[in-house]
Structure formats: C-alpha cells, structure tokens
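Trainee: Heads up: the protein sequence lines correspond to chains W and S, in order. Per the working numbering, the first sequence starts with residue 1, numbered consecutively. Per the working numbering, the second sequence starts with residue 1, numbered consecutively.
No lab work stands behind these hints, which were simulated from the structure alone. Certain hints may be false.
Residues of chain W clear of chain S, computed beta-carbon distances all greater than 12 angstroms [stated by the list, open to error]: (1) E15; (2) T65; (3) S99.
Selected chain W positions facing chain S (Cβ under 8 angstroms, derived; list incomplete) [unchecked claim]: (4) P44; (5) R61; (6) L62; (7) F103; (8) G104; (9) G106; (10) M108.
Heads up, the beta-carbon is just placed ideally off N, CA and C, and yes, glycines get one too.
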Amino acid sequence: SQKIEQNSEALNIQEGKTATLTCNYTNYSPAYLQWYRQDPGRGPVFLLLIRENEKEKRKERLKVTFDTTLKQSLFHITASQPADSATYLCALAPISGYSTLTFGKGTMLLVSP
Amino acid sequence: DAGITQSPRHKVTETGTPVTLRCHQTENHRYMYWYRQDPGHGLRLIHYSYGVKDTDKGEVSDGYSVSRSKTEDFLLTLESATSSQTSVYFCAISTGTGGAGNQPQHFGDGTRLSIL
C-alpha cells in the first residue's frame, strides 16, 4: 500500500541550529512534492514545491531536497528561530496532471531560545 | 491571501442530525477541496471539485456529500452525522488550472465540528 512517513516524534532543537525534517514514501512515484507549515488552530500554509527532476530547492532559510532513488525528501530550516516552531507536512502529487495531494501526518518542530 | 472563508468555525451537534459546512472563495479558482484532520491520521481528502457541478471522491468520502453550484462556494454535507465524524474540517483551493501537484494549495482556517 502507499505510505507517506514523517517522524511522529517532535524534533527539539536550539535556536540558531539547522532543523532537518524527513519525508519518506513507499509505493509512490510522485511528480511533485510539497511542504507545508501548520500552526495550532490554523490551516496549513504552503512553503515549497519541488519537482521529481529537481534535486534541491531553496527559499530564504528553507531548503528542500528530493531523492527519487531513496524515495525521500529532506526539509531544512537553517538558523532556526522560535517562530519556526510549528508542524510541518509533506504532500505528494502522484503524477503530473492529477488533481489531488496526499499528505503525510506531519512532524512538530520545537525551537527553543 | 487566497480569500477563503469557512463557516461555521465551530459547531456542536447531535448524532443523526444533518450538517452543512460552507467554503467560500473570492478569486474564482477552479479546484476546491475538503479535508478532515484527526490526530494520528493527518490530513485526509474527503471530496474535491474541478468546476461547477464537477466533483469527485477522495480517500474518506463515505458519509459525506458535496455540492458546487457556483464557482465560489463548495458545500460539504453530513447527511446524518455520527460521532466518528467529529473532526476539524479544512477547505482548500488550488490556484492551478490543471492538476494540483504543480501548484500550491491554500487553506481556510478550518471548522471544528463536534458530534455528541
């Protein structure tokens, strides 16, 4: 069966360090992979999108990698800040042209001062 | 701001009653989605729409129906609510004209529904 796995345990790091979150998938051949941020009581907010033929994508302090051989995406936040504390979701679109995304369960990130 | 409004934001109702949740967008995007989010399950797609009167089922569609008679409104109905449908419901739009994968989705702030 198809699975998207994100660490269920919260990631605790100190301010200024780099946070790395993992998204693994099985029995998928995604054309696109997206990352979202969700704060308590709010809807998810889009952060980054990466295509299957892209290895890496950056936006300010954020970096996403996409390894279709390992079936894994890594999401990095450099110089983390307490304001980065949130739950981060990855989402996959199976093939180009499909209308839906499938989301992972998310990983909570806690950045302490 | 994608201009998505969900109503109501909170609702408590009893088992067996019908419930309708509304999602309204201000920008006339083609694709709209309804998700539910539960602890341990994450965000799961219920139904989605790719145009007026064009809808399709998602992963967890049993017990739910949808309607889209206008571009800007997407309604989710629980015909006879059950306690297992207690959840937080999110509406989303995609700004793309084709598939959702290559475009971000923009979410409303959710409806917290409790069925007693």
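Trainee: Would you mind marking each hint as holding or not holding in the structure?
Mentor: Tested hints:
no.: 1; hint: E15; verdict: holds, 28 angstroms
no.: 2; hint: T65; verdict: holds, 18 angstroms
no.: 3; hint: S99; verdict: violated, 5 angstroms
no.: 4; hint: P44; verdict: holds, 5 angstroms
no.: 5; hint: R61; verdict: violated, 19 angstroms
no.: 6; hint: L62; verdict: violated, 14 angstroms
no.: 7; hint: F103; verdict: holds, 4 angstroms
no.: 8; hint: G104; verdict: holds, 6 angstroms
no.: 9; hint: G106; verdict: holds, 6 angstroms
no.: 10; hint: M108; verdict: violated, 12 angstroms
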